[in-house]
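Undergrad: The residues making up each chain are set out below.
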Amino acid sequence: MTSAAGTRWLRAGRVPVVVRGDAALVAAAVGPLATLEDDAGPGATRADAPLEVAVEVAPAPPTFSGPHRTRFVPGREGDRVEADGLGEALLRPDGRVVLRLRADAPPGDEASERLTVPALAEALRRRGARLLHAAVLRTPDGAGALLVPAVRGRGKTTLSLSLRRHGFALLSDDRGFLLDAATGPEVDPWPEVPRVGDRSLFLLPPHVATGPRDPRTGKAPAPSLLPPRLTSPLPVVGVLLPRLVDGRGGAVSPAGGAAALAAVVANAVVATDPTTTAATLTAVAALLARVPCAQVEVGDDPATLAAAVRARFDATA
Amino acid sequence: MSEPLRLSPDAAVAELSGEAVVLHVKDGRYFSANGTGAALLRRLAAGGATRETLADELVRLGADRARATADVEAWLARLVAARLLEGAAGPATR
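Heads up: the protein sequence lines correspond to chains A and B, in order. Sequence positions in the first sequence follow the working numbering and run 60 to 376. Sequence positions in the second sequence follow the working numbering and run -8 to 85.
This is chain B alone, in the form it adopts within the complex (with noise of 0.2 Å):
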């Protein structure tokens, strides 16, 4: 199991008709989440949140287990380049 996945203390979330947008409070920065995202986002914010959790996550809403993994490592990467996570050093070793 990889390491827990906290978002920022930076990141401001907020959800509107199940989809949300994430707000990097102290640049102003803003991000778009469809429906998935939103997902996963209220995921991390519960806290506890690992890839692999994340991964099921995308598996239980329809995608198979190979796409969901690819899409959470490339969506990790998009947070943690704006700032937005943390703990997500790299890919879990599988």
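Only chain A is shown next, with the shape it has when bound in the complex (with noise of 0.2 Å):
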């Protein structure tokens, strides 16, 4: 929510996070991380210190030319997260975090993507707060939530859109934020418009209107199912790893092992700082012994799958 000119209050997990600085480059450096809003309002009492960014403008870069990247540079002074033509980000010692952003930085999510996501993410996992690539959806049961990890095209939105016609709430299209809590591992979803490619039209229920199609993932969006802003975290119940077949698919077998860990792994992990990426392995391994985790043949059939995936998670099933 906007409190005042130039600030924005969000939540991930239980961590607050305050972003202050000009309007207009505030609304850059946040852009898709908006949905995060906290509803608590800038005067609320808050159990957990807020994590503090101010956005201010980058010097003029150099000129670049070449692929544009993101990297993670260590420093005595604070590490850096540095965006090629966007700008960086300065992750202090106090853990305050200082976003240097273009005051020309390009319309859109780039800034927001390819900046500040990753160099909050990194401030966040300090915090405990383990950035997720995973849709999340609840149970019908209510009961908690699964996570369906998968880099894109893996049949993550398929596998989504499919228990939700079946009782399953969508939560997230895209990325959660991994806890470590007292009582097991939860989830906050971040809640996105998912993005819906051809093998998942099928799946949309008739009233719900796509947008235009993203040329570079030929996905178009569909607004109407932006999931809701939960207002606490998840208890995480199962992990689901999709498998794209032809035909009907539904089959649910149990995963483990080494096969389940680097499949949530290769989800979890960016190579930022060692020690985070560390505690994040180990995070995930954690997570993986304490709740069930399914490989899932994701096809054509979205009753049979939901059926199936019910029967494993669903205590009302």
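Treat the hints as calculated values from the structure; they're not laboratory data. It is possible that part of the hints are untrue.
[To be verified] Which residues of chain B face chain A? A partial, calculated answer using Cβ under 8 Å:
1. G9
2. A24
3. R74
[Said to hold, decoys possible] Distance windows between CB atoms, simulated:
4. A:A348 <-> B:R74: 41 to 51 Å
5. A:A362 <-> B:G39: 20 to 30 Å
6. A:G167 <-> B:E(-6): 47 to 57 Å
7. B:G39 <-> A:A83: 21 to 31 Å
8. A:H266 <-> B:G26: 25 to 35 Å
9. B:G39 <-> A:P274: 51 to 61 Å
10. A:D273 <-> B:A36: 36 to 46 Å
Quick caveat, the model's predicted, so the values are computed rather than measured. Note that beta-carbon positions come from the ideal geometry of N, C-alpha and C, so glycine has one too.
Hints are included, so try docking the two chains, each in its own frame, into the full complex.
TA: Here you go:
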């Protein structure tokens, strides 16, 4: 929410995040993070100290040609996340983050996706909230959340929309924050508009309109399916590893060991601070030691698929 | 006896159900290890392991000596290539 000019309150897990600076820069820096808004408002009492993010104008960068990359640069006065052509983020030892963003940052989500998100993700990992590339669904019995970690094109959205048609609630199409809680693993879903490719279009309800396709991915947004922002994290009750198959699909088989660990780690680890990277590996192993994990064959029969998943993960099935 | 082998400080290992993933924390690359590989990683992580003691471990798990020695060399070569191992300049002189 916008509480004052140039101030946005967000939340990731239980960590409040306050972003301050010039209003236009803050808007560019926040981008898709806006759906992580914290409804508590600026004057609320929060149990956890907020993660302070200051947005400043970056000095004119040198010209750059070639592929644009984001990189982590360790330093004695604070680690940095550098995004070619956009600016940099300083992760100060006191926990605060300073984003130096070009005043002429391109419109759209690029500045946020290539600079703010990687920098915030690193700062949040240091506070125990780990960004995971995964869809998140609430089970029909409401007991908790299922994680669907997968890279683009592996069936995450098809699986999610299949389950959504049969009693599961879609809480996130793509990302969430995995939390280490005393009572067990939790997830704070990052609600984003689902982006649907050709394979998943048949799973959309008839009244759902899609926007223009992304020319790069071929996927179209379905804005009316934007999940709600949860007020608190949910316990994780299972992990689903999708595998696209021809035909009906629906087979659900236990997954474990190195295969399951690697599949989730691939969507949780980014090469930034070696310490937080190692801690994330440990956290993923702890997650999989506590909750069941299954490989799910995702085909063109959502009812069979949902029934199989319910039989394994939903007490009301 | 060959020199002691050590996992690189950049290697992080986690186990699940007797298998393991070893991760290079600086470049983010990861490798899966089956139960046998996990047993060797455990030996490396404990410290003091050599080519010979790793081969001993495979023999204990049922491999014949020649096969165990060859398998350990091949396995160590992969760790070296991934910059996950220190102290493994080359095969031991036997």
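Undergrad: If a hint holds in the structure, say so; if it does not, say that too.
TA: Hint check results:
1. G9: 7 Å, holds
2. A24: 6 Å, holds
3. R74: Result: violated, 13 Å to nearest chain A Cβ.
4. A:A348 <-> B:R74: 41 to 51 Å: Violated, at about 28 Å.
5. A:A362 <-> B:G39: 20 to 30 Å: 57 Å, violated
6. A:G167 <-> B:E(-6): 47 to 57 Å: For G167 (chain A) and E(-6) (chain B) the Cβ distance comes to about 55 Å; the hint holds.
7. B:G39 <-> A:A83: 21 to 31 Å: This hint is violated: roughly 59 Å between Cβ atoms.
8. A:H266 <-> B:G26: 25 to 35 Å: 51 Å, violated
9. B:G39 <-> A:P274: 51 to 61 Å: Between G39 (chain B) and P274 (chain A), where Cβ atoms are some 57 Å apart, the hint holds.
10. A:D273 <-> B:A36: 36 to 46 Å: 44 Å, holds
Hint check: violations occur at hints 3, 4, 5, 7 and 8; the rest are consistent with the structure.
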